[in-house]
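Asker: Below, each chain spelled out in residue letters.
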Amino acid sequence: MHAKDPEAAKLGMWLFLFTEILLFGGLFLLYASYLYRFPDEFHVGGKQLSLIYGTVNTAILLISSWAVAMSISALHRNRDSLSRKMLLLTIGLGLVFLVNKAFEWHGKIAAGIYPDSPVLNTKPDGEVLFFGLYYLMTGLHGIHVLIGCCLLLFAYWWLRIGKIHRTDYALLENVGLYWHLVDLIWVFLFPLFYLIA
Amino acid sequence: MPKHDAFYKPQEDGKGWIRSWLFTHDHKRIGVLYLYTILAFFLVGMTLGGVIRFELIRPGMNLMDAQTYNVLFTLHGVIMIFFVVIPSIPATFGNIFLPIQLGADDVSFPRINLLSWWMYIFGAILIVCSLFTGGGPPDTGWTFYVPFSEVTSTNVNLAVFAVFILGFSSIFTGLNFVTTIHRLRCEGMTWTRLPLFVWSLYATGWIQILATPVLAITVLLVMVERFMGVGMFDPSKGGDPLLYQHLFWIYSHPAVYIMILPAMGVISDIIPVFARKNIFGYKMVAFSSLMIAFAGSLVWAHHMFTSGMSDFAVLVFSFLTFVVAIPSAIKVFNWVTTLYKGSIYTDPPFWFALAFIFLFSVGGLTGLILGSAGTDIYVHDTYFVVGHFHYVIFGGLGFGFFAAMHYWLPKISGRMYNCKIAKWSCVILFVGFNWLYFPMLLLGLQGMPRRYYDYLPEFEPLQYASTLGSWVLLAGLLIMFVNILYGTWKGKPVEDNPWGGETLEWKIQAPLPHENFEEEPTVTAGPYEFSDRGRGNAC
Numbered sequence: 019m020h021a022k023d024p025e026a027a028k029l030g031m032w033l034f035l036f037t038e039i040l041l042f043g044g045l046f047l048l049y050a051s052y053l054y055r056f057p058d059e060f061h062v063g064g065k066q067l068s069l070i071y072g073t074v075n076t077a078i079l080l081i082s083s084w085a086v087a088m089s090i091s092a093l094h095r096n097r098d099s100l101s102r103k104m105l106l107l108t109i110g111l112g113l114v115f116l117v118n119k120a121f122e123w124h125g126k127i128a129a130g131i132y133p134d135s136p137v138l139n140t141k142p143d144g145e146v147l148f149f150g151l152y153y154l155m156t157g158l159h160g161i162h163v164l165i166g167c168c169l170l171l172f173a174y175w176w177l178r179i180g181k182i183h184r185t186d187y188a189l190l191e192n193v194g195l196y197w198h199l200v201d202l203i204w205v206f207l208f209p210l211f212y213l214i215a
Numbered sequence: 167m168p169k170h171d172a173f174y175k176p177q178e179d180g181k182g183w184i185r186s187w188l189f190t191h192d193h194k195r196i197g198v199l200y201l202y203t204i205l206a207f208f209l210v211g212m213t214l215g216g217v218i219r220f221e222l223i224r225p226g227m228n229l230m231d232a233q234t235y236n237v238l239f240t241l242h243g244v245i246m247i248f249f250v251v252i253p254s255i256p257a258t259f260g261n262i263f264l265p266i267q268l269g270a271d272d273v274s275f276p277r278i279n280l281l282s283w284w285m286y287i288f289g290a291i292l293i294v295c296s297l298f299t300g301g302g303p304p305d306t307g308w309t310f311y312v313p314f315s316e317v318t319s320t321n322v323n324l325a326v327f328a329v330f331i332l333g334f335s336s337i338f339t340g341l342n343f344v345t346t347i348h349r350l351r352c353e354g355m356t357w358t359r360l361p362l363f364v365w366s367l368y369a370t371g372w373i374q375i376l377a378t379p380v381l382a383i384t385v386l387l388v389m390v391e392r393f394m395g396v397g398m399f400d401p402s403k404g405g406d407p408l409l410y411q412h413l414f415w416i417y418s419h420p421a422v423y424i425m426i427l428p429a430m431g432v433i434s435d436i437i438p439v440f441a442r443k444n445i446f447g448y449k450m451v452a453f454s455s456l457m458i459a460f461a462g463s464l465v466w467a468h469h470m471f472t473s474g475m476s477d478f479a480v481l482v483f484s485f486l487t488f489v490v491a492i493p494s495a496i497k498v499f500n501w502v503t504t505l506y507k508g509s510i511y512t513d514p515p516f517w518f519a520l521a522f523i524f525l526f527s528v529g530g531l532t533g534l535i536l537g538s539a540g541t542d543i544y545v546h547d548t549y550f551v552v553g554h555f556h557y558v559i560f561g562g563l564g565f566g567f568f569a570a571m572h573y574w575l576p577k578i579s580g581r582m583y584n585c586k587i588a589k590w591s592c593v594i595l596f597v598g599f600n601w602l603y604f605p606m607l608l609l610g611l612q613g614m615p616r617r618y619y620d621y622l623p624e625f626e627p628l629q630y631a632s633t634l635g636s637w638v639l640l641a642g643l644l645i646m647f648v649n650i651l652y653g654t655w656k657g658k659p660v661e662d663n664p665w666g667g668e669t670l671e672w673k674i675q676a677p678l679p680h681e682n683f684e685e686e687p688t689v690t691a692g693p694y695e696f697s698d699r700g701r702g703n704a705c
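Listed in order, the protein sequences are those of chains A and B. If you're matching positions, the first sequence starts at 19 in our numbering and goes up one per residue. If you're matching positions, the second sequence starts at 167 in our numbering and goes up one per residue.
Here chain A stands alone, though its shape is the one from the complex (with noise of 0.2 Å):
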């Protein structure tokens, strides 16, 4: 077996990533042609979604992403427990940001919007759209939030059992990064989303 390798472990998160961005890249390109066509559209559906739940939401991310960097950086200077008080919060931060959305959710499936509903069928073309890719892109930004907490509990485990220290932190690393980037695509979604009306 030849020795372990953090920077061949850390080259290949990036690369991983890269596949995550194109994965996502496709929803943006759908998004990109359907503002083009329905711009009116995409700013009425735009007004109906809740500035403050994706203000506060893009605040608890950016929160989040800041814990998951001082849990990497409080390893470093050998405070174990700090670190995974921090693993901790940010796990805490990913969860309540999912709570916020599974009540923005349930408020607009209670006005029935939602695909392929009654509703939603008799709107103009653009803001079927629109709302069909708000559910697609921040369904599978969701879905990521919920992978990445998974993730940050393993990485909270093997703190806990040594597997990661201070000298041997690329699984950490990684973890972070995949976080950061559920919070970069989040950072596009929202003013996508919210602000564009």
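Treat each hint with caution, since some may be false.
Pairs of lysine-lysine, DSSO-like flavour, derived with a Cα cap of 30 Å [what the hints assert, rightly or not]:
1) Lys403(B) with Lys65(A)
2) Lys449(B) with Lys28(A)
3) Lys28(A) with Lys103(A)
4) Lys126(A) with Lys403(B)
5) Lys141(A) with Lys403(B)
6) Lys181(B) with Lys181(A)
7) Lys403(B) with Lys119(A)
8) Lys22(A) with Lys175(B)
9) Lys22(A) with Lys673(B)
Ranges between beta-carbon positions, derived for each pair [what the hints assert, rightly or not]:
10) Tyr630(B) with Leu195(A): 52 to 62 Å
11) Ser51(A) with His191(B): 36 to 46 Å
12) Ile70(A) with Ala495(B): 53 to 63 Å
Chain B side only, calculated, beta carbon under 10 Å to chain A, not exhaustive [to be verified]:
13) Thr346
14) Leu350
15) Lys403
Hints in this document: simulated from the structure, not taken from any laboratory. Since this is a predicted model, take the numbers as computed values, not measurements. Glycine is no exception: its CB is placed at the ideal position from the N, C-alpha and C atoms.
Keeping the supplied structure of chain A fixed, place chain B upon it in accordance with the hints.
Answerer: Only chain B this time, still in chain A's reference frame:
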């Protein structure tokens, strides 16, 4: 006699035989797992193709009804594209020889390597399930074009989900290879000393990483549309089916370079060995792989010239398509120039390599007719496309794969096949191949549309000829597989360097040992700088 046990012999680590194979982290064993599963799927796809050809021998119904025909050509396409040619050379010979050619013990992520094989198997199980569940096997063609794929009652859901899983299997292979090439080159293995096979896998790896996710999201959208009717591609809700085609080809055109680049790498490795001469223009051949990967990512819409794009877009994509011809031609000309004044000796791998160059050239040149917007409108969606595609993929990748089998299997197993039969099988394959597919080019020019179950009587002579050719091709394939598999298991032992190659895999024992290298090798020369020691004498 070899000094060490072969890698396929049991190791004394207490693992059972099944566990030591199905859960191995050894890149050589994973490559062998891939080899046998891919060959099995090739036999399935080949049989389906033969049955389709038989149905077309005369007009009207010969063997099956039209719906069965639709299902069979869909399955032929899905199985051949996603289960055979996409993984083909990288997952088998790439897995086995990439680390050895770099002077490494294994790939960077052995466990992810195993995971990618398991995902492949999982995808395979899903595809088999899609045959027997839901509304029956999919009948959309391998491209899953909307709107039909959103409304057909057949089991498209499982099939596209299988493609999604296979996509990630392919991504993991590419990611692994790119990282390995960056991180695990041995002492002295500079970028300009990499074997050209490695360069081609490097370019392929990048396409796998950057293009495959777009396919993943596209087929996922087909599934979501079928379940929820979001309307992304549904004109009644404002969606545009053309965008599906864009997204699909953004992956699926670069995917043909995932298929052909590794085969080009194999040929670039074989030609110098049998010409006893350094490759002509090493840097250009290596660079052209990257050029193909890059330019090939910008040409996808040439599949859509008649779909209703703007004329300006047609013009741009037609031009970009011609640009890809340049690096491809660089490769062909450099191979031929390498042969010039070489001291050529002709053993079976070389025969297959020559067949590759000829067939790939036909495929490439017919591709220019399709890439030129004016002529494409005339032959679009005809047998000309089918003929062109099979010349590039079967004549190119297929023959490259056969060349790789004849070149490397003796090294892997330590046993030699019968050279005479191998050469005959190459001739029969070559004749059968042209007999089967050249009539398709003519049929296309006469206007025979692809995927049609029935045809007008004036197409009968060429259709008939094409089916006869398929039997010759099948005979050639059977002879070749029996010969090479018999040789692998029962052939006479072969020496470590049967062809006289200079890349690192020829410097270790045959059959390949468990541990690639006793100590890390040091490289001091390029991969094709041959000494006077001369040619091998395996045949």
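Asker: Hint by hint, say whether it matches the structure.
Answerer: Here's how the hints hold up against the structure:
no.: 1; hint: Lys403(B) with Lys65(A); in the structure: holds, 20 Å
no.: 2; hint: Lys449(B) with Lys28(A); in the structure: holds, 29 Å
no.: 3; hint: Lys28(A) with Lys103(A); in the structure: holds, 24 Å
no.: 4; hint: Lys126(A) with Lys403(B); in the structure: holds, 19 Å
no.: 5; hint: Lys141(A) with Lys403(B); in the structure: holds, 9 Å
no.: 6; hint: Lys181(B) with Lys181(A); in the structure: holds, 25 Å
no.: 7; hint: Lys403(B) with Lys119(A); in the structure: holds, 25 Å
no.: 8; hint: Lys22(A) with Lys175(B); in the structure: holds, 27 Å
no.: 9; hint: Lys22(A) with Lys673(B); in the structure: holds, 26 Å
no.: 10; hint: Tyr630(B) with Leu195(A): 52 to 62 Å; in the structure: holds, 60 Å
no.: 11; hint: Ser51(A) with His191(B): 36 to 46 Å; in the structure: holds, 44 Å
no.: 12; hint: Ile70(A) with Ala495(B): 53 to 63 Å; in the structure: holds, 60 Å
no.: 13; hint: Thr346; in the structure: holds, 8 Å
no.: 14; hint: Leu350; in the structure: holds, 8 Å
no.: 15; hint: Lys403; in the structure: holds, 5 Å
When the structure is compared with the earlier hints, no violation turns up for any of them.
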